[in-house]
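Could you put the whole structure together from the sequences, leaning on the hints where they help?
There are 2 protein chains.
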Amino acid sequence: MKSYSIKELLTKQPVGDSVEVNGWVKTFRSNRFIALNDGSTIHNLQCVVDFENADEALLKQVTTGAALKISGTLVESQGKGQTVEIQATAIFVHGTADPETYPIQPKKHSLEFLREKAHLRVRTNTFSAVMRVRSTLSFAIHSYFQQNGFYYMHAPIITGSDAEGAGEMFRVSTLDAKKPPVDENGEVDFTEDFFGKETNLTVSGQLEAETYAMALGKVYTFGPTFRAENSNTSRHLAEFWMIEPEVAFNDLAANMDLAEDFIKWIIQYVLDHCKDDLEFLEGRLSDEEKTKPQNERSEMTLLEKLKFVVENNFKRVSYTEAIDILRNSNPNKKKKFQYLIEEWGADLQSEHERYLVEKHFKCPVILFDYPANIKAFYMRLNEDGKTVRAMDVLFPGIGEIVGGSQREERLDVLQQKIKALDIDEKELWWYLDLRRFGTAVHSGFGLGFERMVQFVTGMGNIRDVIPYPRTPQNAEF
Amino acid sequence: MKSYSIKELLTKQPVGDSVEVNGWVKTFRSNRFIALNDGSTIHNLQCVVDFENADEALLKQVTTGAALKISGTLVESQGKGQTVEIQATAIFVHGTADPETYPIQPKKHSLEFLREKAHLRVRTNTFSAVMRVRSTLSFAIHSYFQQNGFYYMHAPIITGSDAEGAGEMFRVSTLDAKKPPVDENGEVDFTEDFFGKETNLTVSGQLEAETYAMALGKVYTFGPTFRAENSNTSRHLAEFWMIEPEVAFNDLAANMDLAEDFIKWIIQYVLDHCKDDLEFLEGRLSDEEKTKPQNERSEMTLLEKLKFVVENNFKRVSYTEAIDILRNSNPNKKKKFQYLIEEWGADLQSEHERYLVEKHFKCPVILFDYPANIKAFYMRLNEDGKTVRAMDVLFPGIGEIVGGSQREERLDVLQQKIKALDIDEKELWWYLDLRRFGTAVHSGFGLGFERMVQFVTGMGNIRDVIPYPRTPQNAEF
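In the order they appear, the protein sequences are chains Z and P. Under numbering that gives the first Met the number 0, read the first sequence as residues 0 to 476, first letter to last. Under numbering that gives the first Met the number 0, read the second sequence as residues 0 to 476, first letter to last.
Identical chains blur together in the list; that is why a pair holds if it fits in one copy or across any two.
Straight-line alpha carbon distances no greater than 27 Å define the calculated BS3-like cross-link-like pairs of lysine-lysine that follow:
| hint | residue 1 | residue 2 |
| --- | --- | --- |
| 1 | 334 | 361 |
| 2 | 116 | 416 |
| 3 | 263 | 1 |
| 4 | 289 | 361 |
| 5 | 178 | 196 |
| 6 | 6 | 107 |
| 7 | 358 | 314 |
| 8 | 107 | 289 |
| 9 | 177 | 196 |
To be clear, the hints were calculated from the coordinates, so they are not data collected in a lab.
In structure tokens:
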């Protein structure tokens, strides 16, 4: 007897064959119909029990969450909702799930409740769909880059380099937490630590990716990054995954082309490969939308939003143009923005980005050529001396989903910027070496993976798109 | 004029076309022949300079390591060593590389020297080949699992769970390093820390992967893991990448089948996709072997070793059989082993594993059914009450490359083991929940990614197969 996954059975439909499946009980109706799921697909397999000849004690064990092996014949289904079903001839109970204590019962649980049960929530339709899409999206990302001649580069997670300054960092140490060794000045003596210096968790693999791009040409990272920011929002995690492509000889225009092509390709890949899960998630989102006041509901369904991104050009707008648009916008004139846009140089807030994307252009937007003083030191200074070749991709509902730039390839300009920021040049000796030896125009960007999973699945809280979210006060599991 | 990567040019060979390439100078001979490399392939592109009409000052900038854009016509090559070359019509220097200071000159550098220049070593043939193979091997791993119905699961990196006890851990903290807050007992008050408790870097994603396997059926992790062990060897890193598949309803035999099929498939994938790099690395290894005494040289070349693994069955041997073989072996009888094998229950050392693989069976070996007391608490106890369903895959030259087991699915047995080990059950409440609700037979294993890259590339030191190795006293870059 051949063992199948439910996805295989529903795809191949070997009607008439004796088959075996393993899975968990979703529901058991009328002492007769077991809806079995094994995680391979959102769909359950209906297993019909010959209850008149079945062992009553065994049937008592068939409750939601129990793990079963069911053998029988695959037949065309007479009932609605499925094309095939198993006429069960034997049931083996791997493990029971006491209905009194098993938390994942066949009813609606709040996302907040399920967050407390993160080890079990993936047994629900919503989370299993999200996590399958997350997996497929990961593979889409790797596939895109590998097909296009990029090499995957594992940037270091523990870093002794604290020069990027992209945010608060987590210290990594094996020193005694209570009584660390101290040096002659009474400061903690990190030369005694595991790495012989103070080390932190990385906030970005970009600088290291640049070293590889300047040898392999086209590279990308895909790894965890960390921010020790005390942000308890639906958009922030202390531990999240980031994708950072970096390409030698690409200027900012080529970088924008890459970002747009990449994003469209991976979303199309998910549309092609996760149809069932996306349909389920579309229904979930539209149910959620119905609980909102009419004027706050999205005009598009989940699939419409995804297709819209794939099918439309991203609007490319310089920061300077965007400031003009915002300054003359209704919410600015009527003082509806929390932060009014008065002059060139202002840092854009989420409300401004959303206005541009959702109200003004009504499509994804790439803003470029930002003022130098609101962007990072490594970005290429334009000939105007006041803007840098930075770009942000802005998405409806999400805001900034990609941030990137052409990098400053000129040694002297980079050294001046580092000096102006009071960064010790010695900290970046290896980064500056790239400008000393065979320097060239190069560009890259970072995509926050969980933000993209949120966009693709329609989940509103970033904690619900990663298996075990790490946030302030929470590192359970 | 179309811009090409060198890999594309050498593959498509659009002879007669005007083309443009960017890359770095490997060598410049006779003021005429530039060997250009852009990292897309191990092969250089020969660019022939019309030196009689060239700007002399420009040609002076064409030194090893300089970044150039070269335009010209692709023609069939008259010279040896290449089929096509560019007749250069224009050369643009992106960036120079002063021969007096650029460390990567066209001569043999020691691996030790290059480790100090980890940001530049990837510009050498050896390291660019290793890192391209590493990238392809990563993608092979994702491809294998995705094609076989596995879902990629990102296990958490920061963990509040310290129950696995697989080794020394790195503490992650934002508390003041010098004066951490203390509680009323004078101990460090981790409730004040970022996550409200003491947290560490993960040593394994297995326990979390199990939670996902018990919902999605077949999952795998591929992420960084950490060991704060003070091991300064050619086999150990403090930060390394690990792959951990976990499969619901798989017993130990199915787990061994999976490991063998997986390993063979990914090696075959690399053989199919990295031919040029592997041939280069084979040559490098055989040069290295020639510096060794005759009796220490490997009998097989790199490619022979890889094909051998793909084409032969892994020998499956129980621990008990292995002990018999070792006890009666010549090195044991002649007291050549450092640790003599006297009785059942002995923990096998690297010398014993290598004897079994390299001398006795002369093929990869899977040892299984180890004594319970030398293996982890979560492994399935056999009916004999003294062995567990553990397995290790042993490779020539490398030793243990995979460690795995069928997991203990019985709540009561697992609870007893946890108690015997003095682990607080509360620490593992969620792990035990898997045995309370819908438990089932399940299995998985861990593959140390860098060990596999070492095997595939023939590199002897694990520091040379990861971009920025983290080892005691070393977290540079």
